[in-house]
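Enquirer: Chains W and P, in that order, are what the protein sequence lines are. My numbering puts the first residue of the first sequence at 6, with every later residue one more than the last. My numbering puts the first residue of the second sequence at 6, with every later residue one more than the last.
Mixed in with the good hints there might be a few duds.
Given that identical chains are not distinguished, each listed pair holds provided it fits within a single copy or across any two copies.
[To be verified] In silico lysine-lysine, DSSO-like type, Cα no more than 27 Å apart, as pairs:
1. Lys-267 <-> Lys-514
2. Lys-59 <-> Lys-521
3. Lys-59 <-> Lys-144
4. Lys-359 <-> Lys-514
5. Lys-514 <-> Lys-156
6. Lys-124 <-> Lys-141
7. Lys-518 <-> Lys-59
8. Lys-32 <-> Lys-521
9. Lys-240 <-> Lys-266
Because the hints were derived from the structure by calculation, they are not lab data.
One-letter residues, chain by chain:
2 protein chains.
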Amino acid sequence: MMSASTMKSPQKDSSSCHLTHLSSWQKLVAAHHDMRDFCLREALSHPARFDEYKLTHDGILFDFSKHLITDDLLAALYELAKQVDIEGWRARMFAGEHINNSEDRAVLHIACRAPETAKIHVESENVMPFIHQVLKKIKNFSNAVLDGTIKTSNGQDFTDIVNIGIGGSDLGPRFVVDALRNYATRLNIHFVSNVDGEDIEPLLARLDPARTLFIIASKTFTTEETMTNAHIARKWCAEQLGEQAISQHFVALSTNEVEIKKFGIAADRSFAFRDWVGGRYSLWSAIGLVIALAVGYDRFAELLAGAHSMDQHFQTAPIERNIPIRMALLGVWYINFYNYHAHLLMPYDVRLGKFAKFVQQMDMESNGKSIDRDGHHVDYATGPVIFGEAGTDSQHSFMQLVHQSPLPIPADFVICARPHHHLAASHRALMANFLAHTRALAVGQTLEEAGGDPARIFTGNRPTTSIILPALTPAHLGALIAAYEHKVFVQGIIWNLNSFDQPGVELGKKLAKPLKEMLDQHQMNAHLDCSTRGLMAQILAVSDAQKTD
Amino acid sequence: MMSASTMKSPQKDSSSCHLTHLSSWQKLVAAHHDMRDFCLREALSHPARFDEYKLTHDGILFDFSKHLITDDLLAALYELAKQVDIEGWRARMFAGEHINNSEDRAVLHIACRAPETAKIHVESENVMPFIHQVLKKIKNFSNAVLDGTIKTSNGQDFTDIVNIGIGGSDLGPRFVVDALRNYATRLNIHFVSNVDGEDIEPLLARLDPARTLFIIASKTFTTEETMTNAHIARKWCAEQLGEQAISQHFVALSTNEVEIKKFGIAADRSFAFRDWVGGRYSLWSAIGLVIALAVGYDRFAELLAGAHSMDQHFQTAPIERNIPIRMALLGVWYINFYNYHAHLLMPYDVRLGKFAKFVQQMDMESNGKSIDRDGHHVDYATGPVIFGEAGTDSQHSFMQLVHQSPLPIPADFVICARPHHHLAASHRALMANFLAHTRALAVGQTLEEAGGDPARIFTGNRPTTSIILPALTPAHLGALIAAYEHKVFVQGIIWNLNSFDQPGVELGKKLAKPLKEMLDQHQMNAHLDCSTRGLMAQILAVSDAQKTD
């Protein structure tokens, strides 16, 4: 396999093909100027606009008609997509090439949800047999825990599952389990991620070790937070059930066989995944074990199938009708040409309450970078600040700013047409609010409509994508997540970033180590900066005061 | 009492005193240019800087040394504070003047936490007797529920409390109850806010009506979401316990006596607050009843006292040593001169997991505006996008962007020196990470330190405030919240905004009403824009398909 640095299209190396020098980019600069009088309210008065700009896949509707776009503008964006060779990069990802160039790895979360009959090669190995072997292991294990075939160390059924992981080994499954709450099995699912002792101590205090199964999710089995918490859980379990119970109460999601064995976990209780699955894209891999336990394996399989369906759409739909590509292009349009650097995710569904937090991780860790694939500082903006909470709550909170801030914030609104609950009037109220706020953002309110009160003027012209899922099924959720994953991928290609590494995480780790040692030894290194010294002195003083209390 | 429009300092009306024309503003424009080579790493090598720039109050340390500031720059910011008459406006707020000009109301959440002996007048009434009368009612009621003097309709003790409110009637208490979990009483506390039926239906399904007390929190007793959920709860309760149980199982936090009575709630079960407490500043008022039930009245009183202590600091400390004023000025410095429009809140404490969400509401609903107090469109940026989640989790998520994005994001880092849990090593790891990330943001990493790998270059120079609380006590939490409230107040004054109304919320309501009617009647108005029509057609089609299923 070629490394990504030798692989990228050759014209990239010539400075005339630097992003901001591309002819399509220059066209967009001009288009932005020409669009200064574009009025969304006026545009939306044309009846055909909705049908012209909507895209659908598997029953999910994406309404792009409330964007600051025209046919010509879209054409210019498509040209950009072609000039940066989105289609080529997409093909490279699906072909298992090492597009994660800094770590020299393939990027194949898409393989995790492909059917067994697919053939996806990394180096010369077809990875599909490995993936489906792990999936069968997940299926057998989760079914056996659920039906009671797999017992606790004293022969009872498990009642509680604790997933110990952080970052991608936590937030993806946590979001999905929360979103699919209507499909919950009989198991109580808990998540521990933070090294803050307040995360694990109170949880253990209310659990029965004899009925609890721990999942230790860490690819390397060395992640500081995860292993700290894993050892706390292990000690708690061993003290109450005896050392021999560990093998029956712990499971590992990891590839570090040596450390897994040292911990006391048997090979049949460890689930592997490979280095071509990045943490923030790993819920589809062995990291999804907790999802299978929470909602049942069949639902997990439906989640994968929904994502795979979106993968196929992304892989095969032309740029002009491709949902993730359009989402990505619109983001670039606002970030780089309008200087709108934030992006709101607004699900009108309490079950999607963690959606923004999940996409925050996926997007900001992927494209929150300023050094491009060639090692140069970029001279353009990259990934947005993602934020959001469920509506209608947000309407009583930050939506004020979204409606009236001098700086508009593009937003994605998500709703399910069909609820799982039985409160039909509540759901109609929810949907009315969903429709009302995207409408208000688009059309605004004139001074006249505001009854002459200038404080109630809304400029409108604030772009949104409305996404309607038929219902929050595992398949639709899988498709929704996959659409955002591919959006982030496309934006990374446009900005010439490697979206699949995370040097920022590593700098923190490097600096934390010596500081932890100073705190452990209760003495400061004289070479620290004055602020860190001062803060540490304050911490140590409070801790000293406590000792003499 | 004068209305705010006649009240504001007269020089405000002359265009030479427009914000961006102020001499201090112009000085800051020049200073920003002069500061272009300012290097935080270099500045932090001066040992005295930490002590020079830190401020403390009641044992809480605010470290401002990791900011892009010098003594001269701070002096220019203080001059701005003086020119916009922060001290005058502050005095007006504390004196009960109608600084909420659009609604012609005083702004007196500070009165809710003042001692009984204080005298704070609205019109000619000293409001302190009213406030302390309500506090006594809260004290008596919460103590009686907790000690079992107040019984359920069938003579048992209450076990579960459901607070039904939205926006300020929900998020403030929800955040505080979550943060003070170590002080929890025996009661199980639940919150329902969203009109999404998925919020209330599953909760009721697992509660015992015979042991549940509902708190209906809505100042007007007409808020759509709250009253929808209140009536669902009422019906559920009446069906299972009989109509006569309502008066014993429901409490109102409201001023609408007519509607309260109609609902079936007796006067001794209703708790009042006045129009000079804005929703997002209302946790200190009757809205705090659920806090008193969750942690006990004495703890609630400590929370108020901590906030009052910060009020006194804010009211009396000179601009140069005033914590909320400095926080506000630094925000303006970055937002208006550096164009850093986002602001990160990063608590290293899982108990403060909802802190960013809470401040998001408080800040973005207050200052997310573009029409100033004089009815003019502002020509400068206003309130930031607030976001954040607890560290260390965030280190595996969006912190990548915060470290390496081309556009820096100023941040506040918060930690407690002393934990409530017993896992000392975990806490040292948490503190080391807290110190490491503020340090990394400030000093960055050079190409040489990165071992020659350009992808690992960190520019540093990214400003943060580190806040160390001795511990997460009610008093320290109260002080922390009050500091942010006053920060938002000061920024609103600088930007010449009324921080205390919310026209954006009202536009959504206005547009939702006719859309709700169309959904109820299952027919669309022909005059809708094409997008709203298209979305509604999709919703109705799915709902029709369901009926024929």
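Enquirer: Take the hints in turn and mark each one as holding or not.
Expert: Now for the hints, and whether the structure bears them out:
no.	hint	result
1	Lys-267 <-> Lys-514	within (24 Å within a copy, 60 Å between copies)
2	Lys-59 <-> Lys-521	between (53 Å within a copy, 23 Å between copies)
3	Lys-59 <-> Lys-144	neither (38 Å within a copy, 56 Å between copies)
4	Lys-359 <-> Lys-514	both (26 Å within a copy, 25 Å between copies)
5	Lys-514 <-> Lys-156	neither (38 Å within a copy, 54 Å between copies)
6	Lys-124 <-> Lys-141	within (18 Å within a copy, 72 Å between copies)
7	Lys-518 <-> Lys-59	between (51 Å within a copy, 26 Å between copies)
8	Lys-32 <-> Lys-521	neither (52 Å within a copy, 42 Å between copies)
9	Lys-240 <-> Lys-266	within (16 Å within a copy, 56 Å between copies)
Checked against the numbered hints listed earlier, the structure breaks hints 3, 5, 8; every other hint is satisfied.
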